[in-house]
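My request is simple: use the sequences and hints to build the entire structure.
Residue numbers (the numbering used here), protein chains in the order written: chain A, 1 to 117; chain B, 1 to 814.
Hints listed in this document are in silico derivations from the structure and should not be mistaken for laboratory results.
Keep in mind that this is a model prediction, so the values were computed, not measured.
Positions of the beta carbon are idealized from the N, C-alpha and C atoms, including for glycine.
Be a bit skeptical, because a hint or two may be false.
Unchecked claim - As a list, the in silico DSSO-like pairs of lysine-lysine whose alpha-carbon atoms are at most 27 Å apart:
| hint | chain 1 | residue 1 | chain 2 | residue 2 |
| --- | --- | --- | --- | --- |
| 1 | A | 67 | B | 171 |
| 2 | A | 67 | B | 809 |
| 3 | B | 807 | A | 67 |
Stated by the list, open to error - Covered stretches of chain A, as calculated for chain B (at least 3 residues, CB under 8 Å):
| hint | stretch |
| --- | --- |
| 4 | 18 to 26 |
| 5 | 61 to 71 |
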Amino acid sequence: MIKFVSALLLTSLLSFAAGLYLPWWSIAIAAILVSVIIPMAPWKSFLSGFLGLFLLWGILAFWIDAKNNSILSQKMAQIFQLGNSSMLLILITALIGALVAGFAALTGSYIKLLKRS
Amino acid sequence: MRILSFSVSLLITVFLLFSLNREWHIGDKTLPPIGSFMSPQQGFWQNAEPVDANFNENLKFPGLSGKANVYFDERMVPHVFASNENDAYFIQGYLHAKFRLWQMEFEVYAAAGRISELIGPKAINYDRDRRRLGMVYAAEIAEKEMEKNETTKAQCDSYTAGVNSYIASLKESELPVEYKLLNYKPEKWTNLKTALFLKYMSFELAGYEQDFEHTNAKTAFGLLDFAKIYPLAQDSLDPIVPKGTVYPKPALTVTAPASEDSLYLGMKDSVHFVSDKPHPENGSNNWAVSGKKTKSGKPILCNDPHLGLNLPSLWYEMQLSAPGLNAYGVSFPAAPGIIIGFNDSCAFGVTNSERDVRDYYKMKFRDESMKEYWFNGEWKQTEFRYEHIGVKGQAEIIDTVAYTVFGPVMYDKKYNAGRTDGGYYAVRWKAHDPSNELMAFNGLDHAKNYEDYLEAIKWMHTPGQNFVFASKNSGDIAIWAQGEFPAKWKWQGDFVMPGIDSSYMWQGNIPQNENPHQINPERGFVSSANQLPADPAAYPYYLGGSYPPYRGLIINRYLSHMNDITPEDMMKLQTENYNVFAEMAVPLFLKYMNLDSLSEQGKKYFDILKSWDFRNDVQEKGATVFALAWQYFANQCWHEDLSKSKLPMANPVASALLEAVINDSSLKFLHDIGTPEKETLQDLLSGSFKKASDTLQKIEDQGRLEWGKYKDTKVTHLAKLDAFSRLHLPIGGGTHCINAATSDHGPSWRMVVSLTDSTQAYGVYPGGQSGNPGSIYYDSFVDSWAIGKYYLLWMMKGTESGDSRIKFKMEFGN
Chain A
1 MIKFVSALLL TSLLSFAAGL YLPWWSIAIA AILVSVIIPM APWKSFLSGF LGLFLLWGIL
61 AFWIDAKNNS ILSQKMAQIF QLGNSSMLLI LITALIGALV AGFAALTGSY IKLLKRS
Chain B
1 MRILSFSVSL LITVFLLFSL NREWHIGDKT LPPIGSFMSP QQGFWQNAEP VDANFNENLK
61 FPGLSGKANV YFDERMVPHV FASNENDAYF IQGYLHAKFR LWQMEFEVYA AAGRISELIG
121 PKAINYDRDR RRLGMVYAAE IAEKEMEKNE TTKAQCDSYT AGVNSYIASL KESELPVEYK
181 LLNYKPEKWT NLKTALFLKY MSFELAGYEQ DFEHTNAKTA FGLLDFAKIY PLAQDSLDPI
241 VPKGTVYPKP ALTVTAPASE DSLYLGMKDS VHFVSDKPHP ENGSNNWAVS GKKTKSGKPI
301 LCNDPHLGLN LPSLWYEMQL SAPGLNAYGV SFPAAPGIII GFNDSCAFGV TNSERDVRDY
361 YKMKFRDESM KEYWFNGEWK QTEFRYEHIG VKGQAEIIDT VAYTVFGPVM YDKKYNAGRT
421 DGGYYAVRWK AHDPSNELMA FNGLDHAKNY EDYLEAIKWM HTPGQNFVFA SKNSGDIAIW
481 AQGEFPAKWK WQGDFVMPGI DSSYMWQGNI PQNENPHQIN PERGFVSSAN QLPADPAAYP
541 YYLGGSYPPY RGLIINRYLS HMNDITPEDM MKLQTENYNV FAEMAVPLFL KYMNLDSLSE
601 QGKKYFDILK SWDFRNDVQE KGATVFALAW QYFANQCWHE DLSKSKLPMA NPVASALLEA
661 VINDSSLKFL HDIGTPEKET LQDLLSGSFK KASDTLQKIE DQGRLEWGKY KDTKVTHLAK
721 LDAFSRLHLP IGGGTHCINA ATSDHGPSWR MVVSLTDSTQ AYGVYPGGQS GNPGSIYYDS
781 FVDSWAIGKY YLLWMMKGTE SGDSRIKFKM EFGN
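Below you can see the structure in the form of structure tokens.
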């Protein structure tokens with residue numbers, strides 16, 4: 001459990017730090033790295049990457065949106081035909097990050113397993 | 001097994017990264033790369049500006065020569081205090097870029113015919129139209145003029161350096177959201193881009209003509225009837241310089257060519273397509289009242305330019321202060337200086353001259369290679385200009401444009417924008433001539449008195465503008481219908497002209513001092529609203545005929561009756577919704593309507609029309625009834641005539657029909673040009689009113705009979721995104737009203753300046769200081785604008801840096 005939570009937090013932190021300097025896809029690198037450093041069962045790695053980015057992107061978007069009184073998210077939701085729902089937009093944002101990091105972490109966990117065999 | 005799992009998971013990851021990192025085209029829509037776009041650290045979320053964002057900054061740029069402070073007031077209007085003028089323009093460039101970068105670059109792309117680079121092949125015809133009109137050619141000439149002049153060279157160089165300092169400091173996450181949506185990046189700014197922007201304004205304001213349509217109409221009806229359908233002036237005309245003014249003998253006389261009747265006016269030629277043109281209602285109001293008519297005893301100057309209503313706004317409000325300069329008003333993001341505003345000594349504003357300075361010549365080329373054209377009895381070499389048009393998603397296109405003595409051949413066999421015709425049409429456009437309009441605004445920003453103003457406006461060649469002026473110290477008021485206008489013989493350039501020799505060329509320019517003007521007139525005010533600048537019967541030069549008469553008429557009527565005027569009275573006048581066109585037209589409906597022929601429904605709407613007080617206020621139903629009734633009546637009158645031929649023809653202006661009917665209720669003019677004799681005015685009015693009633697019923701069923709709802713004014717985002725636009729604004733007025741707000745066009749900046757000892761100025765524009773749709777300052781003035789509310793414009797003094805109105809401070813240094 002401690003391993004899982006550490007992996008999750010580390011993925012979040014590393015992704016956040018990379019995001020300050022590197023393009024968006026650095027979250028995949030962060031997730032792979034973490035799953036190689038902290039080996040877990042593949043489904044656990046997937047979940048830690050998934051949740052790590054779901055929380056990071058979700059919380060960041062939520063925080064930005066709250067400080068912005070949803071001015072922009074309302075407009076973007078209209079452009080993407082999401083029924084003016086800021087929440088849906090935040091959810092989609094979180095899911096996109098989560099999916100990428102989840103599968104990247106999964107790939108990382110298999111690298112470890114491949115090496116071992 | 002593990003290898004398989006690994007491979008599958010790797011494949012999914014790579015697939016995700018790949019699909020989220022590329023653009024997607026779905027139908028005609030393009031999705032930006034979703035990964036970076038949605039990333040809260042890079043994408044659009046970064047543009048969601050905290051509502052309590054802090055704009056205090058301390059900035060250092062080697063391009064600055066000294067220290068400067070910028071104070072932002074509660075409306076985010078910057079008050080720039082620099083130690084010299086060039087630093088002020090540097091900072092102006094920096095601020096324009098910081099708050100309006102996407103817009104200023106996008107407008108320049110539009111001017112230069114580069115939209116295909118952003119949105120792909122669907123913009124190719126748009127781009128080719130710009131290129132073939134010679135927009136880039138014109139801007140290159142203008143840039144040379146700007147850089148030849150020390151003042152404007154320094155001004156532009158500083159401005160450009162300021163814009164580029166901002167661009168250089170910009171992180172990818174900070175890019176305006178439109179760059180992220182359209183997936184491209186800003187380029188460096190150049191002086192040429194400022195020139196291109198000014199040509200964009202020239203296209204908007206000096207690009208209107210109907211030469212092709214009128215050529216067809218003249219062919220279909222003959223010149224005599226053409227003049228009845230498209231009259232050069234209306235009886236109700238109240239020109240900028242009043243009737244009765246005596247003009248000296250012209251210094252320049254022009255003569256029509258000997259072949260005028262055979263090769264031009266009597267020629268049965270036709271054009272199968274129409275040219276691309278700006279919004280026909282680009283216009284404006286301005287006036288100045290002298291101290292003898294105001295309560296304070298000091299002059300008041302007012303201006304409201306009518307342009308397309310867009311977000312981000314065309315205007316950016318600011319104060320520029322440096323030793324020798326202190327000007328407040330609105331600026332164009334993309335150009336240095338204040339365009340409409342005031343300084344410590346005077347105030348100034350503009351309306352469009354509406355003069356036709358864009359003409360076409362039909363050319364004769366030796367063959368389709370277009371290498372030689374026939375001119376003055378010999379084959380003359382063509383010069384070619386190669387326009388490289390980048391197209392997103394495909395290879396660039398090279399458009400070869402032939403240049404003749406007249407100018408570029410806009411339409412030829414290779415290009416007519418999908419319109420069919422085999423002719424070669426060269427365009428002669430005044431905006432191609434060398435001129436340096438920035439000097440006009442530079443001069444006005446510094447002007448201390450009437451003489452300075454007059455010197456300044458002489459720099460204004462194209463687009464021609466009616467410059468209104470008022471001085472604080474002397475109390476002078478003045479107006480000049482300024483521009484460099486070709487002196488034309490009657491009908492010159494109203495139709496396509498033969499281009500085989502020099503006889504149809506423009507013969508010279510009207511001398512500047514012969515431009516119509518008025519200084520301190522007896523009546524105590526000067527005004528303009530795009531009407532004819534002078535009585536065509538008295539003014540010695542031909543003025544053509546595409547001037548709206550009614551706003552000028554009503555402004556002058558109100559102003560001549562007003563005394564003890566206060567700034568509040570002027571605000572009320574600028575937002576006046578009285579419809580003088582309806583005042584003239586409705587009596588015809590009341591007098592000639594055959595009531596027996598109307599259904600119950602028709603009678604209902606007739607009663608609404610009857611009890612209407614000619615006000616286009618938001619809740620008025622009569623205004624909607626009248627608009628529809630007139631529209632159907634005009635269609636009914638012209639329909640048969642204009643459908644005589646399949647060639648494109650222009651709808652005659654409303655004033656032409658109205659005043660013809662007022663003068664001649666027997667409709668002889670209509671019968672003369674072919675409407676069946678048996679149709680009387682009564683038949684036409686009643687018949688069209690019945691049709692209008694059917695439509696009105698539908699509108700009423702939709703709950704849109706009130707004028708504000710029917711008109712449905714909006715301020716549209718430049719990329720036409722509804723989500724970034726402001727729709728359904730509750731604003732009255734309309735085409736013939738002083739408050740000229742139509743559905744997507746209208747007063748783009750309202751300003752009232754009372755030149756009392758400490759200037760009292762008021763203004764509002766339909767936008768906000770920030771171009772960022774994620775900022776609270778994006779559209780913060782729109783609601784005030786719609787209901788006719790003004791803000792007090794604060795000409796800040798350098799000593800007021802502790803004032804409570806100041807919200808943020810940017811410190812600049814080197």
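Okay, which hints does this one fail, numbers in order? Violated hints: none; all satisfied.
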